[in-house]
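Based on the sequences and whatever the hints tell you, model everything.
As a plain string of letters, each chain reads:
Number of protein chains: 2
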Amino acid sequence: MTDAQPTTAPEPTVPEGLTVAVLGGTGPQGRGLARRFAAAGVRVVLGSRDAERAQATASDLAAATGGDVTGADNRGAARAGDVVVVAVPWDGHADLLAGLREDLAGRVVVDCVNPLGFDKRGAFALAVPEGSAAEQAAALLPDSRVVAAFHHVSAVLLEDPGVTTVDTDVLVLGEDREATDLVQALAGLVPGMRGVYAGRLRNAHQVEALTANLISVNRRYKAHAGLRVTDV
Amino acid sequence: MTDAQPTTAPEPTVPEGLTVAVLGGTGPQGRGLARRFAAAGVRVVLGSRDAERAQATASDLAAATGGDVTGADNRGAARAGDVVVVAVPWDGHADLLAGLREDLAGRVVVDCVNPLGFDKRGAFALAVPEGSAAEQAAALLPDSRVVAAFHHVSAVLLEDPGVTTVDTDVLVLGEDREATDLVQALAGLVPGMRGVYAGRLRNAHQVEALTANLISVNRRYKAHAGLRVTDV
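So the sequences go chain by chain: A and B. In terms of our numbering, the first sequence opens at residue 2 and continues consecutively. In terms of our numbering, the second sequence opens at residue 2 and continues consecutively.
You can trust all of the hints, since none of them are fake.
Straight line, CA to CA, 20 Å or less: simulated EDC-like cross-link-like pairs of lysine to aspartate or glutamate:
1) A/Lys223 <-> A/Glu160
2) B/Lys223 <-> A/Asp182
3) B/Lys223 <-> B/Asp168
4) B/Lys223 <-> B/Asp120
5) A/Lys223 <-> B/Asp182
6) A/Lys223 <-> B/Glu12
7) A/Lys223 <-> A/Asp161
8) A/Lys121 <-> B/Asp177
9) A/Lys121 <-> B/Glu176
10) B/Lys121 <-> A/Asp177
11) B/Lys223 <-> B/Glu160
12) B/Lys223 <-> A/Asp232
13) B/Lys223 <-> A/Glu12
14) A/Lys223 <-> A/Asp168
15) A/Lys223 <-> B/Asp232
16) A/Lys223 <-> A/Asp120
17) B/Lys223 <-> B/Asp161
18) B/Lys121 <-> A/Glu176
Computed list of chain A residues with no C-beta within reach of chain B, every gap over 10 Å:
19) Glu12
20) Pro16
21) Ala41
22) Arg50
23) Gln56
24) Ala63
25) Ala64
26) Gly68
27) Gly77
28) Ala140
29) Asp144
30) Ala156
What the hints contain is simulated information worked out from the structure, not anything from laboratory work. Each residue gets a CB set at the ideal place from its N, CA and C atoms; glycine is no exception.
Dropping the structure here:
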């Protein structure tokens with residue numbers, strides 16, 4: 002049926018030729034996200050402190066997915082990306098971003114870092130002076146459009162070639178509608194995954210911290226837990 | 002098939018004759034939970050500051066569900082309950098519990114309070130000195146077994162007689178396995194609802210605060226959002 006007056010807005014899409022850079026692209030989370038984006042036909046540039054290591058991982062992912070994946074140091078990747086995913090350990094988060102302020106200007110920066118501590122009783126949320134990793138990124142990158150997303154996606158599932166659909170919603174937070182729409186669309190490229198808008202950055206802390214609860218779920222149920230939002 | 006050697010532990014169940022008290026039982030969340038428990042055949046005592054108001058609401062719920070629902074003041078309800086659900090506004094949370102310490106001794110106390118603020122930009126998490134409402138309850142009630150649960154269940158859905166299944170998981174947190182098992186079983190009595198263990202009370206803050214994100218989801222998508230945990 003053709004409909005001259007669509008009653009809903011068109012679904013946001015990922016622009017042709019978009020490049021996604023992944024900082025910390027040689028860690029499990031970054032590598033896993035890069036694999037899925039590459040498999041979905043998105044051009045990916047992996048960033049790492051060590052450019053050679055990034056290139057080696059990129060070659061592996063290109064071979065595994067048939068996608069366009071290259072490697073660079075973090076600065077090179079930041080400059081190459083239209084969307085730049087930050088998937089570094091919390092420990093190095095502030096230092097890395099502070100050093101890339103100009104390189105990341107104008108980019109959509111997607112923070113998926115979970116500030117967690119671990120002890121004998123499991124994982125717990127760390128206090129972050131800015132409120133959350135995402136708000137820290139926004140404070141350090143005033144010329145970027147910071148979005149928080151991809152916190153709860155299991156790296157184990159992302160990296161498993163036998164897992165063809167990643168059965169989870171991705172909570173997407175930010176102040177800039179165009180940027181959150183784009184990141185939702187990017188999530189939607191991965192089979193099984195759906196991007197759901199879930200509020201402003203001031204509400205990012207609990208989304209990051211909830212990863213500690215999912216780790217508890219995983220331990221109790223021997224699972225790789227994800228989240229689905231119902232009624233949406 | 003009979004199986005002499007079951008391979009999994011038996012599902013925890015709700016003991017026959019268990020009484021659930023709901024403090025703040027005349028508010029939307031308390032009333033909604035009471036309705037669902039009563040409909041599932043659990044004896045319910047509604048508590049309120051105003052015993053007459055609790056009795057009036059209880060009569061309505063008994064008539065609507067065919068269940069066993071009575072009303073009392075909050076102290077009377079606390080004493081009557083084996084499991085006591087705390088569904089009061091955050092404002093009165095500490096004062097109420099501090100005054101009921103002895104009445105609640107030995108009880109499983111289920112805190113479902115979300116410490117949230119609201120402004121023009123929507124909902125946001127309030128800072129709680131103890132970390133979370135549940136940890137505040139645990140600090141004020143050293144002789145009770147405090148569990149955190151039922152934070153994300155939409156009162157609108159709970160109270161809607163046309164909604165026959167409540168399509169959501171309930172994250173259940175606590176230190177006491179027997180108590181969290183019981184609360185999971187209680188959640189499981191409501192059609193569509195499932196209790197999922199989701200960690201210790203030190204990780205309750207983000208579960209409470211996530212309600213702010215679900216409010217953002219509800220606004221954006223005109224929904225009554227709930228959560229499902231995948232792979233469990």
